[in-house]
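Asker: My request is simple: use the sequences and hints to build the entire structure.
Using the working numbering, the first residue of the sequence shown is number 1, and each one after it goes up by one.
Hints were generated in silico from the structure; no laboratory data involved. One should not assume that every hint holds.
As a list, the in silico DSBU-like pairs of lysine-lysine whose alpha-carbon atoms are at most 30 Å apart [stated by the list, open to error]: (1) K26 x K136; (2) K58 x K26; (3) K123 x K136; (4) K58 x K123; (5) K136 x K120; (6) K120 x K58; (7) K26 x K120; (8) K58 x K34.
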Amino acid sequence: MNAQLTEIMRLITNLIRTGTVSEVDKANWLCRVKTGDLETNWINWLTLRAGNSRTWWKPSVGEQVVLLSMGGNLETAFALPAVYSDAFAPPSESEEASVTAYPDGGWFEYEPATGRWLIKGIKSVLIEATDSIELKTGQFIVTADQTRINSAVVMNGGVTQGGGAMSSNGVVVDSHVHGGVEKGGANTGGPQ
1 MNAQLTEIMR
11 LITNLIRTGT
21 VSEVDKANWL
31 CRVKTGDLET
41 NWINWLTLRA
51 GNSRTWWKPS
61 VGEQVVLLSM
71 GGNLETAFAL
81 PAVYSDAFAP
91 PSESEEASVT
101 AYPDGGWFEY
111 EPATGRWLIK
121 GIKSVLIEAT
131 DSIELKTGQF
141 IVTADQTRIN
151 SAVVMNGGVT
161 QGGGAMSSNG
171 VVVDSHVHGG
181 VEKGGANTGG
191 PQ
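Answerer: Following this line, the structure appears as structure tokens:
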């Protein structure tokens with residue numbers, strides 16, 4: 001009877017445990033988790049979606065997870081990311097913010113207290129849309145060393161330009177001259 005009770009207690013203890021990811025096999029979507037003196041075999045980690053819509057975010061080695069073991073058998077366990085630890089503390093202390101910090105310094109933060117979505121620490125952004133991209137706002141500000149548009153441009157509204165020369169096809173628009181000027185109904189020569 002004691003052996004059966006011991007086995008039942010072991011299975012109950014193993015139903016839900018915490019552990020630390022020790023290895024990740026990203027090609028096969030598996031990880032191993034160390035929990036106490038035990039280490040699991042290769043097991044799946046849980047994700048937000050894995051159907052027609054899918055998410056991918058592999059756990060990191062050293063990340064603390066929860067092990068959910070069907071029937072208390074660690075061989076059937078799933079790793080549920082994640083639990084903060086001293087090695088991986090929360091990236092924010094905000095009451096309401098949603099923050100994602102990446103190991104290269106990338107940072108995505110939405111802070112309801114300010115209504116601001118902050119993206120920083122990234123090298124580039126690429127948005128691909130087959131039909132259109134529309135931005136609606138009271139003011140659109142671009143601060144860059146250079147702004148380039150590689151397409152035809154249609155502007156509906158006034159344009160104010162200042163702080164530097166404006167050039168069109170090699171002609172500086174705000175300081176060019178016209179030759180061949182005559183009084184009367186004749187046209188001027190082209191800009192120079």
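Asker: Each of the hints needs a verdict: does it hold here or not?
Answerer: Verification of the hints:
{"no.": "1", "hint": "K26 x K136", "result": "violated (39 Å)"}
{"no.": "2", "hint": "K58 x K26", "result": "holds (7 Å)"}
{"no.": "3", "hint": "K123 x K136", "result": "holds (25 Å)"}
{"no.": "4", "hint": "K58 x K123", "result": "holds (22 Å)"}
{"no.": "5", "hint": "K136 x K120", "result": "holds (22 Å)"}
{"no.": "6", "hint": "K120 x K58", "result": "holds (22 Å)"}
{"no.": "7", "hint": "K26 x K120", "result": "holds (27 Å)"}
{"no.": "8", "hint": "K58 x K34", "result": "holds (16 Å)"}
Violation of the numbered hints given earlier is confined to hint 1; every other hint is satisfied by the structure.
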